[in-house]
Amino acid sequence: KAGVTQTPRYLIKTRGQQVTLSCSPISGHRSVSWYQQTPGQGLQFLFEYFSETQRNKGNFPGRFSGRQFSNSRSEMNVSTLELGDSALYLCASQDRVGANVLTFGAGSRLTVL
Amino acid sequence: GQNIDQPTEMTATEGAIVQINCTYQTSGFNGLFWYQQHAGEAPTFLSYNVLDGLEEKGRFSSFLSRSKGYSYLLLKELQMKDSASYLCAVRSSNDYKLSFGAGTTVTVRA
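Chains as they are written, first to last, in my numbering: chain A, 1 to 113; chain B, 1001 to 1110.
Next up, chain A with everything else stripped away, as it sits in the complex:
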């Protein structure tokens, strides 16, 4: 079974630009969550999608958005990038909400210059 796949793995953007990150969950998994990881803040919850619906949202500004497609693949978008958005963005999937295991992808490392 393929794991959680995130693309791109690395990217560099400049302030004011926007970025779209993609996540393909494990086959059969319908729940996808996104996290931001920085050295100072650790892993911070961004949002969770299940069956194309956003179930939960973390405490991030509206510049951060996401969506999920009918095949369970998910994208997140960050508009008007700021230097502080530089981070590792991790996606995780589970077969159902509240499952005992959450499987993470390798992440997309975003650097904002």
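Treat each hint with caution, since some may be false.
With a cut-off of at most 30 Å between alpha-carbon atoms, the simulated DSSO-like pairs for lysine-lysine come out as follows [unchecked claim]:
hint : chain 1 : residue 1 : chain 2 : residue 2
1    : B       : K1097     : A       : K57
2    : B       : K1076     : B       : K1057
3    : A       : K57       : B       : K1068
4    : B       : K1057     : B       : K1068
5    : B       : K1081     : B       : K1057
6    : A       : K57       : A       : K13
Simulated from the structure, these hints should not be mistaken for laboratory data.
With chain A fixed as given, assemble chain B onto it according to the hints.
Showing chain B alone in chain A's frame:
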């Protein structure tokens, strides 16, 4: 919401035992997870506790006390490859959101 505390760093010798403590405060509890994360890699699942007691998985064990808001991860017979960050995470029973501690960096020395 959740408030999760774990030590920032721990150092131990190869072959030794290390215990990583995690304390939490939560308005609703639906399980505690431990993840291992090597530098530059994805977090990988180690254990899940929802009931009080000890769960053993090979060299790794995890303990939970819900009344004390306390968990620990025990790493036995430490190996160099165990050098990593260990993340404690608590899931809320209200919305099933997972909140992570800042992580404990464990360094294993020869």
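Tested hints:
no.	hint	result
1	B:K1097 / A:K57	holds (9 Å)
2	B:K1076 / B:K1057	holds (11 Å)
3	A:K57 / B:K1068	holds (28 Å)
4	B:K1057 / B:K1068	holds (23 Å)
5	B:K1081 / B:K1057	holds (17 Å)
6	A:K57 / A:K13	holds (25 Å)
Violated hints: none; the structure is consistent with every hint.
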